[in-house]
Amino acid sequence: MATKRLCFVIRTLPYKIEGSRLAMTHAIASQTVEIYLEDGDLVEASVCFIADGVLNCLKNQAAMKHYGITSIEQHLKNSLLLDMKVMICKEDLEKFGISEDTIVKDAEDLGGETVAQIVPYSEIQKEMEAVDHLLFC
Amino acid sequence: MGKLTIGCFASLVGSVSLDFTVKLAEAAVKKGHKVDLWVSGNATMLSKKGQRAFKDYSALQKTINGLLETGNFQMTACEACAEARGYHKEDTMEGCKRFSMDWYLASCFSADRVLHIGGD
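Protein sequence lines, in the order shown, are assigned to chains A and B. In terms of the working numbering, the first sequence opens at residue 171 and continues consecutively. In terms of the working numbering, the second sequence opens at residue 474 and continues consecutively.
FYI, nobody ran anything at the bench for these hints, they're computed from the structure. Hints are supplied without guarantee of correctness; some may be wrong.
Chain A regions said to be covered by chain B (calculated; three or more residues, Cβ under 8 Å) [claimed, not checked]:
id: 1; segment: 183 to 192
id: 2; segment: 239 to 246
Restraint ranges, calculated between C-beta atoms of paired labels, are given here [said to hold, decoys possible]:
id: 3; chain 1: B; residue 1: Lys522; chain 2: A; residue 2: Lys265; range: 41 to 49 Å
id: 4; chain 1: B; residue 1: Asp529; chain 2: A; residue 2: Leu280; range: 34 to 42 Å
id: 5; chain 1: A; residue 1: Glu208; chain 2: B; residue 2: Gln547; range: 37 to 45 Å
id: 6; chain 1: A; residue 1: Asp271; chain 2: B; residue 2: Asp529; range: 30 to 38 Å
id: 7; chain 1: A; residue 1: Lys186; chain 2: B; residue 2: Val486; range: 34 to 42 Å
id: 8; chain 1: B; residue 1: Glu567; chain 2: A; residue 2: Asp209; range: 39 to 47 Å
id: 9; chain 1: A; residue 1: Ala232; chain 2: B; residue 2: Gly559; range: 20 to 28 Å
id: 10; chain 1: B; residue 1: Leu541; chain 2: A; residue 2: Asp209; range: 28 to 36 Å
id: 11; chain 1: A; residue 1: Glu204; chain 2: B; residue 2: Asp492; range: 30 to 38 Å
id: 12; chain 1: B; residue 1: Arg525; chain 2: A; residue 2: Ser292; range: 47 to 55 Å
id: 13; chain 1: A; residue 1: Gly238; chain 2: B; residue 2: Gln547; range: 31 to 39 Å
We treat Cβ as the ideally placed atom computed from N, Cα and C, and that holds for glycine.
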């Protein structure tokens, strides 16, 4: 029985390329990975938003209206609903002038209890050092 | 010898990230390692059969076929990413698999090293 921890580090802008969306969908796929593993083995995914990637966390994304696709905001809420660890870089939010009340921090409207953590980069660094594998997207 | 899992999102034509990925896989297999290559997003096109080699574009199918023949390399394409691009099961290159994203995470579970090449 073992648990392997994977950390998806999202650095890319939403919608410009597919990177951040794929990172979120791959991270969420950790919920069904057991079908390929031995009994008791687990994959635990976490997601960290840094640099341009913090723009994925903005509230009120209108992806369905403009592109006819689900928003990254919805994927972020789904990951919180699944109790995934989500960390957002505080300094990078500040660099863009993004206030905490304009980003997605919870999935309370869906009944989720887990909250995204807005943390200094040093905390994200600790998370990256603690996991088994890093996946930069 | 170890197991390397490589994931790639970058396109077959339009960037050379996928070329780098395949060269790295080839080097690892030559050293006696086992390699799982997961192609997702635009990278799924690497697993499509019938690729034609032109001098102006990356042509990796021959290298991939050679790697598959070694028995130490497997390539799996993201099923949803492929279907979204109108590329169906019958279009898949011989020897290449198609699964959902959790297959990749399971491969990461048993890998000694994971290298993920995101972006495009």
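Hints, one by one, checked against the model:
| no. | hint | result |
| --- | --- | --- |
| 1 | 183 to 192 | holds (count 4) |
| 2 | 239 to 246 | violated (count 0) |
| 3 | B:Lys522 - A:Lys265: 41 to 49 Å | holds (46 Å) |
| 4 | B:Asp529 - A:Leu280: 34 to 42 Å | violated (49 Å) |
| 5 | A:Glu208 - B:Gln547: 37 to 45 Å | violated (19 Å) |
| 6 | A:Asp271 - B:Asp529: 30 to 38 Å | violated (50 Å) |
| 7 | A:Lys186 - B:Val486: 34 to 42 Å | violated (19 Å) |
| 8 | B:Glu567 - A:Asp209: 39 to 47 Å | violated (33 Å) |
| 9 | A:Ala232 - B:Gly559: 20 to 28 Å | holds (27 Å) |
| 10 | B:Leu541 - A:Asp209: 28 to 36 Å | holds (31 Å) |
| 11 | A:Glu204 - B:Asp492: 30 to 38 Å | holds (34 Å) |
| 12 | B:Arg525 - A:Ser292: 47 to 55 Å | holds (50 Å) |
| 13 | A:Gly238 - B:Gln547: 31 to 39 Å | holds (35 Å) |
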